[in-house]
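> Protein chains in written order, with the working numbering: chain A, 1 to 249; chain B, 1001 to 1556.
Please keep in mind that the hints were generated in silico from the structure rather than gathered at the bench. Mixed in with the good hints there might be a few duds.
Said to hold, decoys possible - Pair by pair, the computed Cβ-Cβ distance ranges are:
#1 A:G196 <-> B:S1475: 50 to 56 Å
#2 B:I1483 <-> A:I230: 54 to 60 Å
#3 A:F51 <-> B:K1284: 34 to 40 Å
#4 B:S1309 <-> A:F51: 18 to 24 Å
#5 B:L1291 <-> A:Q99: 33 to 39 Å
Claimed, not checked - From chain A, some residues computed to sit far from chain B (all C-beta separations above 12 Å):
#6 M45
#7 K60
#8 T184
#9 F236
Where is the CB? At the ideal position from N, CA and C, for every residue including glycine.
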Amino acid sequence: MAEGLATTEHEPHAHPALQHHFENMEQQREAGTLGMWVFLVTEIMFFGGMFLAYTLYRYKYPDAFAVASNHLDWKLGGVNTLVLIVSSFTMAMAVFSTQIGKRRNTIIFLVLTLVLGLAFLGIKAVEWNTKYHDHLIPGQLIPGNPFNPAVAQHGDTDPHKFHLPEGVSVRHVEMFYWIYFIMTGMHALHMIIGAGILIVILIMAWRGKFSPEYHAPVEIFGLYWHFVDIIWIFLFPLLYLLGRHLEGH
Amino acid sequence: MEEFTIQPPRTNYLNAEYGIKSWLLTKDHKRIGILYMGAISFFFLIGSLYAMAIRLELLTPQGDLTQSSTYNKMFTQHGIIMVFFFLIPSIPATLGNFLVPMMIGAKDLAFPRINLLSWYIYMLGGIITIYALLAGGVDTGWTFYTPYSTTFSNSYVLATGLGIFINGFSSILTGLNFIVTIHTMRAPGMTWYRLPLFIWSHYATSLIMILGTPVIAITVLLLAFERLAKIGIFDPALGGDPVLFQHLFWFYSHPAVYIMVLPGMGVVSELIANFSRKNIFGYKFVAFSSLAIAVFGFLVWGHHLFVASQSVYAGMIFSFLSFAVAIPSAIKVFNWTATLYKASISYDTPMLYALGFIGLFTIGGMTGLFLAALATDVHLSDTYFVIAHFHYIMVGGTLLAYLGGLHYWWPKVSGRMYPEGWGRFSALVVFIGFNLTFSPQFVLGYMGMPRRYHTYPVEEVSWQVLHVLSTAGASILGIGLLIPLIYLAWSLRYGRLAEANPWQLPGLEWQTASPPPTENFIETPIVREEAYEFAPPETKEVVGKFEREKPFPFYG
Ligand code: HEM
Ligand SMILES: [Cu+2]
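Please model the entire structure based on the sequences and the hints provided.
This is the structure:
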């Protein structure tokens, strides 16, 4: 019995990061990586519901969507796209540096990634803020929004703000904006969570937890970061660019 | 075998640690399975009380027990609790949690901490839902159809939705854990085609969980936004589309019915093969039919919208696909039957439940075909025929498989035997009670009794006769479920001590002590045989499955 139990312990030279129920580091890394991939599949399905709603209503109300998307600042969106692409690159470099055991480079690249991520969130915040001041936030609970019939009665709205062409209803413009806020909001939420995890990884790297033998957390987090970037790569053209020519500027 | 039965191993997962804290903070998949078992039984009890209240109300044509508004809340809460808090998690979260690592020779699930987290998430979702029920209840039906749920109902839709939203994450995390575990943690020699069919069915179930559950999550979230802020996605007055909700809802909820029934099919495959002591007929067909069900299950949601403004062409395609999804289920039934053919069957309690499952599932599946055919569905939709159909499949299927599995693995889980005579008796009572409850409802539905009404015309005497039969059946079913509750609890203290392998079977889970040690196996097993490899009787005692000197080293 005693010897039997002893075999379930790991050999004395096993890596300290090896959890008790895995046979070896390779198995542990594989499980973590696959786990992240499976998680990302659930994320695709989650965003999929919103993409479905977007597609459906874009198809139903193409003109209203074009008008509404013209009020988004494509330059800020474009800058943000660049910021994210660069952050994906620095993240990849961070993973690479960890694999070859360059602790200093890992830390530098992780910090760069974090800064770029925060920059993205900052720009996003500026955009949202302008939308708020332009009264473009939909939803009846938000005070002072032009889509709220109660407010509209008081003459708070300037319908020309939207340059509404013939047959385009404010309702459908509003539809675009709630899709915009839900989708970018969910994306930003993922960025915030990502930044939080990034800080933890950074501390671990600072303390020298990673080595060429053990770098799974950096790698697995990298997958998440790239995924969140990719979601944005889809959001940007769909929300900011599609249908711009209709307005002609 | 006698020499192995004398003393149980000194330490096992149950007595390795003591105290409430050791349970609430455990990362052992077996203990988490038991935590789930307790919680799920509790929810089942609450759901059953609602069921009895519903049946009592329908005894008479008048609404003499409740008002219609109360009745609406009763069937809604019954449905929500049973579907989201019993049927969906029951087998995967209890039996699956306990057995998936053991059956593939692993020490635990890949992410033990996430596993524990999923239980807490389940509890949090459950508590919020129960709060909503106590605070005032919900009356939308478990399907939450818009615009009633977003605009008109003034019941606790938001709180209930939040409970279900949270609960969904426990489902996602369980599915994720199973998939990763089955991929990366199989013991040496445990190839894909040697996996027990229980594992295959849980793999397929997990696929549905990770692909479907996020969709219901976003659907409930949109519902909440709509209700809170009137964003207009589902509200036609604001340019939205209420049918979009039904599409999103059924895109999850049709596959969800397979989350309930696939694990049941896995249990039944185990029981049929093992209690007829034969390799299952057509192993690969049974295994792949699980995957086929998982994939096809995502393509047929539209059959719930035949009478909801769907185009005739869409209806035809969904009708055709629904017929197609019946094929993999039928494959399973045929292969189970073929396995039984000329086998030496032992009619122990688990086997009785498994045979009951096949009967009920077949009836439920065949009546699905009436509903999948466009023309007949127009007549049967939203009647008691639909109620009977899905109860046969989901309750008959999931509940019987769960009970069968619970009896089968009880010795492994608790280290004790249950009284076999009582077990067989309860299986019989459950089967009779179930049929008496739900078969009259097919007739009722065919005659035109709509679902979700608490009164019916006094002149329709035959309707009342059928309702009385159904209520009587429900009482018998209730008794049939109480009996196991009592004797299983009794067995925990007074039951005969179980051997490591009380049924004399080859599966990996039987090659370790009952109850198993915390790490499941003293040494990692090496698998050298196919699943369900039954050795010829003369060599059975001698030939072990593994490279070991003694078949049960823990007793040495
Ligand atoms: C195998 C497991 C199955 C389960 C667990 C299941 C479960 C259910 C449930 C829960 C409902 C009712 C939903 C509601 O309105 O509350 C339902 C309805 C329906 N089922 Fe099934 N079902 C199964 C198999 C089948 C099959 C094989 C078919 C077709 C061949 C089928 C066809 C239908 C149709 C068409 C409806 C909608 C009826 C209506 O609302 O008019 N089902 N099923
Ligand atoms: Cu269905």
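> Against this structure, judge whether each hint is valid.
Okay, the hints, checked on the actual structure:
{"no.": "1", "hint": "A:G196 <-> B:S1475: 50 to 56 Å", "in the structure": "holds, 54 Å"}
{"no.": "2", "hint": "B:I1483 <-> A:I230: 54 to 60 Å", "in the structure": "holds, 55 Å"}
{"no.": "3", "hint": "A:F51 <-> B:K1284: 34 to 40 Å", "in the structure": "holds, 36 Å"}
{"no.": "4", "hint": "B:S1309 <-> A:F51: 18 to 24 Å", "in the structure": "holds, 23 Å"}
{"no.": "5", "hint": "B:L1291 <-> A:Q99: 33 to 39 Å", "in the structure": "holds, 35 Å"}
{"no.": "6", "hint": "M45", "in the structure": "violated, 4 Å"}
{"no.": "7", "hint": "K60", "in the structure": "violated, 8 Å"}
{"no.": "8", "hint": "T184", "in the structure": "holds, 14 Å"}
{"no.": "9", "hint": "F236", "in the structure": "holds, 21 Å"}
In terms of the numbered hints stated before, the structure departs from hints 6, 7, listed from lowest to highest.
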